[in-house]
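Residue numbers (this note's numbering), protein chains in the order written: chain H, 1265 to 1613; chain P, 1265 to 1613; chain C, 1265 to 1613; chain L, 1265 to 1613.
Hint data in this document are derived by calculation from the structure and do not stem from the laboratory.
Honestly, I wouldn't trust all of these hints.
No distinction is drawn between identical chains; accordingly, a pair holds when it is met within one copy or between any pair of copies.
Said to hold, decoys possible - Below are the SDA-like pairs computed for lysine to any residue, each with C-alpha atoms no more than 20 Å apart in a straight line: (1) 1535 / 1322; (2) 1270 / 1361; (3) 1302 / 1457; (4) 1535 / 1292; (5) 1289 / 1538; (6) 1334 / 1522; (7) 1289 / 1322; (8) 1545 / 1472; (9) 1289 / 1607; (10) 1484 / 1571; (11) 1307 / 1454; (12) 1484 / 1295; (13) 1545 / 1458; (14) 1545 / 1475; (15) 1456 / 1303.
One-letter residues, chain by chain:
4 protein chains.
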Amino acid sequence: MENKIKVSIFGATGYTGIELYRRLKVRDDIEIVDLPSKSSAGKRYSEVVSSTISISDEILIEWNPEKTVKKSDVIFTALPHGETFAIAKACKTYGKKLIDIGADYRLDKENYKKWYGLNHAEAKLIDEAVYCIPELNRDSIKAGTWLIANPGCYPTSVQLGLAPLIEAGIIETKNIIVDAKSGVSGAGRGLKLATLYSEQNENVNAYGVGIHRHKPEMEKHLQKYSDEQVKIMFTPHLMPMTRGIHSTIYTTLKKDISEDEVRQILRVKYKDEYFVKVLDKGIMPHTKWVYGSNFCHINVVLDQDTGNLVILSVIDNLVKGASGQAIQNMNILFGIDEKKGVENIPLIP
Amino acid sequence: MENKIKVSIFGATGYTGIELYRRLKVRDDIEIVDLPSKSSAGKRYSEVVSSTISISDEILIEWNPEKTVKKSDVIFTALPHGETFAIAKACKTYGKKLIDIGADYRLDKENYKKWYGLNHAEAKLIDEAVYCIPELNRDSIKAGTWLIANPGCYPTSVQLGLAPLIEAGIIETKNIIVDAKSGVSGAGRGLKLATLYSEQNENVNAYGVGIHRHKPEMEKHLQKYSDEQVKIMFTPHLMPMTRGIHSTIYTTLKKDISEDEVRQILRVKYKDEYFVKVLDKGIMPHTKWVYGSNFCHINVVLDQDTGNLVILSVIDNLVKGASGQAIQNMNILFGIDEKKGVENIPLIP
Amino acid sequence: MENKIKVSIFGATGYTGIELYRRLKVRDDIEIVDLPSKSSAGKRYSEVVSSTISISDEILIEWNPEKTVKKSDVIFTALPHGETFAIAKACKTYGKKLIDIGADYRLDKENYKKWYGLNHAEAKLIDEAVYCIPELNRDSIKAGTWLIANPGCYPTSVQLGLAPLIEAGIIETKNIIVDAKSGVSGAGRGLKLATLYSEQNENVNAYGVGIHRHKPEMEKHLQKYSDEQVKIMFTPHLMPMTRGIHSTIYTTLKKDISEDEVRQILRVKYKDEYFVKVLDKGIMPHTKWVYGSNFCHINVVLDQDTGNLVILSVIDNLVKGASGQAIQNMNILFGIDEKKGVENIPLIP
Amino acid sequence: MENKIKVSIFGATGYTGIELYRRLKVRDDIEIVDLPSKSSAGKRYSEVVSSTISISDEILIEWNPEKTVKKSDVIFTALPHGETFAIAKACKTYGKKLIDIGADYRLDKENYKKWYGLNHAEAKLIDEAVYCIPELNRDSIKAGTWLIANPGCYPTSVQLGLAPLIEAGIIETKNIIVDAKSGVSGAGRGLKLATLYSEQNENVNAYGVGIHRHKPEMEKHLQKYSDEQVKIMFTPHLMPMTRGIHSTIYTTLKKDISEDEVRQILRVKYKDEYFVKVLDKGIMPHTKWVYGSNFCHINVVLDQDTGNLVILSVIDNLVKGASGQAIQNMNILFGIDEKKGVENIPLIP
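Could you put the whole structure together from the sequences, leaning on the hints where they help?
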């Protein structure tokens, strides 16, 4: 194919970066240009990411945002917070597109400082960033942008379940409880005692209760759908599995409507969506049913006895929760079929 | 040792029964008398439970409650609901003790009918049963009984976390949300598609949302601690692991007290307990930290932003959530050191 | 796309069938015609295979080989042995193509009887069948056939490692030891105690030592490469994982050549192959590095101390070991790019 | 109990050390004196080993071999190679007993240098060390020693399967193939990319093929049973599980005897042993059947077709393969019932 899109990835050797690479590499409309690395420059990519050994010929190059940006049409960043500033600046300077899978453009300056403990070095660019879950606001990309703040994994699963219901004005928003369960890959590829196989196998534990950085992200972006304050109690848990997020969301109804009517609101919202599926009454979402795919499965249960509405939403944290959604966003940005490169059916079993 | 306690187990080939057998078999004060089996009578026990192959010499015998009860001092039943009635009747008739690890004596007659869909055939014995989590009410056994309704797995983890706080009158009880995560062994040893390795590995899903049978059990037994109605929204989830329950419990405070004060209430309650440990501020319970043991770890987090109190409680579902607690109860019933046979430190890693 | 290939799958609800469906369904040159089912006819496919719930609209239809064959261009069978006979006969009658992922056309009549305990009802068709691992003998399909015997999972990993070395005449063939390790999905989707999560998690065991049905398959098809008798000692093991086969193969050299020279023979053989990769000296194949993909990674170690040559070969049992290879074979049969639909990079992590 | 044995553990925070601690801590005849730590001195033990949080009151103290040895009756070392020299010297000086679970006293000086790449600083003590698998040579401890070289995990499983057959002179010893599969805990608690959950889950790979340090250990100690040279081809593999070793051993018979007769040789050898069980014909050992226990299960298969004898042997690498056997050895050394503290039945499921 002529005129391939020139793509570079900062952070290609982490789990999110690997998922991105494996999906972009086999596309005939994409050319991978640079894979910069701070710690492994000079090594073959396949030496650090052995699953690409059959197919990868790239060499990890030195970390030079300017150089890499100039050569590329679009940059993906899959980096720890604070490491994207220089890259964003270069993209701005040279008029290139940036899709940040990291967290640097999701919050406003004040909340960024508060939750990430860092002054934002390119804060004025935050206003230019479009935070986009395509099923909720793909038009914001179509309206034109160069900088996409790709949503976090937990926030994606939670917003897909909650946004249509908040928008419909049927649920209480002042104390929404989100009890989320994530696979270990969400903790990244860095070396930590807690993510060793022998420590995490056969283990479930909560972490960051009430203080996880995805809480303000959810609150900020769900607030768009309501005039009343949106407050979230967020409790993430680590599960003994590699991929997958299961968000169990508890709220109550403001109106006297039935479970079926609630489900119908979600169905109407997502009726033309390929990636979001509202399951039939009584069928519970399973993380395995979306494993390795860009799908999101949602269902609701209205508990007659207590009046609670339970919303259950599952995604693969590395696909719809990160790189798959980033590719969806890139496709929109470039006017390509949104499903291209992420249309695959989940890997079962 | 002379005068060993003569024990028989109905249901010794299920996961709960196996955990019971492996702990009783190596005790010098216990003699295992009968292991009746409906489907495998005549086979060696170790043929059906291969992990006992080095040590077990028992033959599974035919299912004859009268015969078995007469020969025994105490009977353990680890059976599906409805299968313990005849055994309980025989124990009553012959003056023998019964510890029911199943669900037949945990609810009153009406709720049993409602939640288990069955008329209770020995309903008058329910009143004679003592439902006992030793750390909460061991005196009820010491006061004398012959029939112990051993608590369910989820209810044990939840009551240990909630009871002292409800008793102290500090939390709202009308809409307590229990989001629980369990290992697959809780689903039993029967053949089901959902519990095949290839279906459950890398999978998390909720089930029985709001309608699980452990909900009325929790409500009934927590109600003892409050004059206000106790209502629970219960959402159990299956995890890709064999053992362990993690209960994440959400409620709000009725009084203006601190997280430390809440923790202190639990600490005072359990200060002399070997098996229940309230962790230090910020240390989250991990199911692996109690794996293969009779311990329960608890902690609390008070979320300043939303006002929610989160209680986190972990146990091993087959030990503290079933057979370990049953042995604790047996020890109390026979005046033996309560820890005997269940004192082991968790299996790590 | 016009003139789509009309495909039907017998056995689409088993693990092999699911892998086939998920790869064919998203292709624009394939039309899925019939998904016959003996036990679930009338149900939606996605009801039985929940991971397809977002994308599948097929209804499982009744099991009628004649009817289904007539409507199709090519049939895939992923069935227990003995169940493909009637379907093969219908394909022969109506001049349709058949790719049997099962075992019914891999052995000669006598060995089929001996190892599968069944008289072969369509034995004369065995001679018309082409047994094809594309990297070893894709020309046999190109020469023309209507019936492909798709190789078994273990035999695929073993032949890819051994065939070039036997052909080169450098290894002893009279006592080749194959110690193979497989994920649980290889045992199928049927209900068995041994494949329950709680039984197989944290477990490794050998099974069918020396008597597994893949032994004669390996021997028959490796015999093509040598005048000396090929004898294999085959020991398969179950691993606590879902997918993947690791074959560790022990033999000795007939000639005095170096490890590098042995590796070079494999490299030359596979130099133009997309799916087979011979790793660099000292890099051991990992099943995870081919997870969810059609790749095979191979390496060799020559042990100076004992003189043994160890060949290590890994595949995903459901892809290169079954449905991926079946699609490769179909592509060849229809003159399509061999990689189409199976080119994806492994799913990591 | 009066006169408790005073025990100290060097390396108590690693996986082997934890298994040792959890079994010794609950014994009434043992007093744990010192838990020295190089990296965590001053911290509570339970801070580093959270599963002991309910029961441990020890503070990790500074690393001072002399001080610790003087206070103790017996020292356990569970350390990387080369770190036990100073401790052994102190034990010798002060007349204290030492059980080294590490590798420093298993090989002769020359092989230690060759395989561990280190000059042995206390080489003269090697001759005083007793290398003991109790079921094979417990008398060597009874004859008197102060220094026990506790066998490695792989070597224990292999020697228990092979020693009686080599001793009986029925098998060829010049090219014994050992294909072993181990849980990840065998790789220790250190931080390595390869043992992260997301890297090792769903993965099998060989490592150290032919060059693993347990090869010379097996050869040295099996050589005692034969005048002919014992040569082993050793291929260890990592499995996606925490605990367990499965050794599949291939050899051939020197004599024309039956599978039953081979099994009988093993049965006679182990007839009075509590921990070693030879399974019935056709019953394959499963690592899960010995999980968390000190048992070893063995069986043999004689393959008629190829003449190979396959010996299958399973243990828990941290118990019979390390700390359980170390306790067995300690019990023998102190004239205590050999089973004390390790008699527990495997943890199933």
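For each hint, the structure was consulted:
1. 1535 / 1322: Cα proximity of residue 1535 and residue 1322: across copies only (19 Å, versus 41 Å in one copy).
2. 1270 / 1361: within (11 Å within a copy, 42 Å between copies)
3. 1302 / 1457: Between copies, since 17 Å is at most 20 Å while 23 Å is not.
4. 1535 / 1292: For residue 1535 and residue 1292, the Cα distance exceeds 20 Å both inside one copy (30 Å) and across copies (23 Å).
5. 1289 / 1538: between (23 Å within a copy, 14 Å between copies)
6. 1334 / 1522: neither (55 Å within a copy, 48 Å between copies)
7. 1289 / 1322: Only inside one copy: residue 1289 and residue 1322 sit 11 Å apart there, 32 Å across copies, limit 20 Å.
8. 1545 / 1472: between (33 Å within a copy, 12 Å between copies)
9. 1289 / 1607: both (15 Å within a copy, 10 Å between copies)
10. 1484 / 1571: Result: close only across copies, 19 Å inter versus 26 Å intra.
11. 1307 / 1454: within (18 Å within a copy, 25 Å between copies)
12. 1484 / 1295: Close neither inside one copy (35 Å) nor across copies (45 Å); limit 20 Å.
13. 1545 / 1458: between (38 Å within a copy, 18 Å between copies)
14. 1545 / 1475: between (33 Å within a copy, 14 Å between copies)
15. 1456 / 1303: So residue 1456 and residue 1303 pass the 20 Å test inside a copy (18 Å) and across (16 Å) alike.
Taken one by one, the earlier hints fail for this structure at numbers 4, 6, 12, listed in ascending order.
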